[in-house]
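Put chain Z on the given structure of chain C with help from the hints.
Protein chains: 2
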Amino acid sequence: MTRDVAIIGVGLTKFGELWETSFRNLITDAGMKAILDCKVTGEDIDALYVGSMSSGQFVNQELVAPLVLDSAGLADSHIPTTRVEGAGASGGMAFRQAFLAVASGQVDVAIAGGVEKMTDVPEREVTKILGAASDQEWEAFLGATDPALHALIAKRHMEKHGTTREQLARVAVQNHKHGAQNPSAQFQKEITVETVLGSPLIADPLRVFDTAPASDGAAAIILCPLDEAESYTSRPVRIAGSGQGSDYLSLAARQSLVTFEATKHAARSAYKSAGIEAKDVDVCEVHDSYTINQLLAIEDLGFCKKGEGGAYTARGETALTGAHPINPSGGLKARGHPLGATGIAQICELTWQLRREAGPRQVKNPQWALAQNTGGTGAAAVVHILEAAK
Amino acid sequence: MTRDVAIIGVGLTKFGELWETSFRNLITDAGMKAILDCKVTGEDIDALYVGSMSSGQFVNQELVAPLVLDSAGLADSHIPTTRVEGAGASGGMAFRQAFLAVASGQVDVAIAGGVEKMTDVPEREVTKILGAASDQEWEAFLGATDPALHALIAKRHMEKHGTTREQLARVAVQNHKHGAQNPSAQFQKEITVETVLGSPLIADPLRVFDTAPASDGAAAIILCPLDEAESYTSRPVRIAGSGQGSDYLSLAARQSLVTFEATKHAARSAYKSAGIEAKDVDVCEVHDSYTINQLLAIEDLGFCKKGEGGAYTARGETALTGAHPINPSGGLKARGHPLGATGIAQICELTWQLRREAGPRQVKNPQWALAQNTGGTGAAAVVHILEAAK
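Listed in order, the protein sequences are those of chains C and Z.
Residue numbers for the first sequence follow my numbering, so the first one is 1 and each next one is one higher.
Residue numbers for the second sequence follow my numbering, so the first one is 1 and each next one is one higher.
These are calculated hints, taken from the structure and not from any lab test.
A hint or two may mislead.
No distinction is drawn between identical chains; accordingly, a pair holds when it is met within one copy or between any pair of copies.
Said to hold, decoys possible - Below, in silico cross-link-like pairs of lysine to aspartate or glutamate (DMTMM-like), each with a Cα-Cα straight-line distance of 25 Å or less: (1) K279 - E190; (2) K264 - D46; (3) K306 - D204; (4) K306 - D280; (5) K33 - E137; (6) K264 - D44; (7) K14 - E137; (8) K390 - E228; (9) K264 - E43; (10) K272 - D44; (11) K272 - E43; (12) K128 - D204; (13) K177 - E137; (14) K189 - E20; (15) K14 - E317; (16) K272 - D46; (17) K364 - D46; (18) K160 - D76; (19) K305 - D76; (20) K305 - D4; (21) K364 - E190; (22) K160 - E43.
Next comes chain C alone, as it looks inside the complex (with noise of 0.2 Å):
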């Protein structure tokens, strides 16, 4: 890689069940936010990356990459434009692709977009199209979905580490706490134990408040050479590591039903490229598209040990105030979890953290930052590593 590289605009939509807008809408909203965000027009843009994980299935639109464009009045520009997919990293993947061609002084601004929309499809068909992140011969086929494959995680953590339901609840709690300070989140209401305890079983040991939902929403991000950010905006956050991982998509493949391995091999990368450790993370955005998925996220990128996730949790070693805040978008569980706009948004989030702008979520004084998201039960995972100017 020959140069750094800075954020210099984000831009989020309100996520939720959003039936009065499209597909099409939600991103060019989230882009010409981004646009808005700084001083870079639409001519100025040498590259597009989108992420989104099924719009085949949910909105029977493919090709989305020249649509974003399109839609956003740059169609004539004729840009390279590239849709990325790794389920519910897509978005995370999106950003890392566009990181790497301004990086490599390929393109000199580029845009990363990640957008999904859920809601126009029945109940059962999000089921089956989450289902597609699972091993369709090994897994889904067989009768287990998305959440029951989860659960076997969730159960496993149980019993090799003690790990209670009641901790599990508690990450709920959490997120919806931030999430409640947060204008863009699909849930803003604060929830107790007693709530995900009392809420409906999915998937024994899960139940409905262990999930995020299924939403609608975009994010964007627009990226420029670290030297040539000062001429599009006074903010520019520094991207300090990046790192991308695989594993075994089918969890019966593989070693461990408790440990992410596509997550500990990109945080190697992102950690080593960044120049710091775990210690040093000061805010961090993870994918929780289930609790447990948020436990294993905060002991595989090392804040904590195997296993005490669920008690560092009840400590409050992440809440806002606690030694690794985590999630102060309220994360996929309370800001929602539109497939392929989720990676984007976490890096939006932590754009706001980095320069001060979070307001009642604001953590205090962040210099790292670092966002998690994962495809799948974890078989991808993307990981960056963000400093706030000097």
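Just chain Z, lined up with the frame of chain C:
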């Protein structure tokens, strides 16, 4: 870009209605052939890119990039794996991302694959899924199918430039002639102009024999820095140029129905970085998903003037012995068109041509080769230029 990149290994499955095999077996077979084509071992590979248009809709499997690594027995490497989607241009885009990753110094050895399993769904489903590459809201939803949109393009070309029905047929006749000499081709059988003109009308003026078939198949290519290539192969092929372009997704928004601006944009970049012009290209694979698209391609790439593609083809200039041999593999029409695999398969063919390994369909002493791969009705295009080792 910091360094030259070489193709060191290629692998291709047979294309066709392959009911006896699966999505994962196809791409694993292609990848293994590519590995066996050079001295690379699985452990050497640093990154994987895979192109697939609609694996979600065809086989209910997203997150295919980790699956490919997993199926190949390489999951323990935990390397980054990324799926790229650009409809029929998915393969070319995946190859381009792999090329950029090696060229920028980010990784040393990358593998790019492409795969689609199209024949496990009913035929009417195929038409619906292909429609997802057009503009869903402004074209497909209103009843315009993929063949109907290409029929509009063909009608306009005939009206504006005097292209005849017979000239279109000659594209299919020639591609079948080439395909008859390709053991991997879906249709290894010559046809006549009468065969095309007598085949059922699907969208006036296009008939069944103007269109590429639905196919199953996969292809894979291994890339490394040119100055490291000789440790893996004695027959490296240099990637001299890479370009990508986009256009309005819906035909109605474009200035012209008969020019693919995305192809022109991609070709300009690729010619410029290779330092050659259209006249220097010795052998070429273009995206003939419909016969009309081959005429547009040879015009937009600069082999003949706009509007003269029909006459140029009828004169034999695009035959193996002509001025610009096109689609020696048989093209999409005869080799088959498993959407995500096509862009990679084109580059496999050109690699064999530049290595002088194409047997009865070998073009005489080619030095420069060009691949053009498009998505939808040309809203995305990727062009690569390859050079034979000196």
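We went through each hint and held it up to the structure:
no., hint, result
1, K279 - E190, "neither (29 Å within a copy, 68 Å between copies)"
2, K264 - D46, "between (32 Å within a copy, 16 Å between copies)"
3, K306 - D204, "within (22 Å within a copy, 64 Å between copies)"
4, K306 - D280, "within (19 Å within a copy, 60 Å between copies)"
5, K33 - E137, "between (41 Å within a copy, 23 Å between copies)"
6, K264 - D44, "between (36 Å within a copy, 20 Å between copies)"
7, K14 - E137, "between (36 Å within a copy, 23 Å between copies)"
8, K390 - E228, "within (15 Å within a copy, 40 Å between copies)"
9, K264 - E43, "between (39 Å within a copy, 19 Å between copies)"
10, K272 - D44, "between (32 Å within a copy, 21 Å between copies)"
11, K272 - E43, "between (35 Å within a copy, 21 Å between copies)"
12, K128 - D204, "within (19 Å within a copy, 38 Å between copies)"
13, K177 - E137, "neither (39 Å within a copy, 39 Å between copies)"
14, K189 - E20, "within (22 Å within a copy, 52 Å between copies)"
15, K14 - E317, "neither (28 Å within a copy, 56 Å between copies)"
16, K272 - D46, "between (29 Å within a copy, 17 Å between copies)"
17, K364 - D46, "neither (35 Å within a copy, 39 Å between copies)"
18, K160 - D76, "between (57 Å within a copy, 23 Å between copies)"
19, K305 - D76, "between (52 Å within a copy, 22 Å between copies)"
20, K305 - D4, "neither (32 Å within a copy, 44 Å between copies)"
21, K364 - E190, "within (22 Å within a copy, 73 Å between copies)"
22, K160 - E43, "neither (55 Å within a copy, 32 Å between copies)"
The earlier numbered hints that this structure contradicts are 1, 13, 15, 17, 20 and 22.
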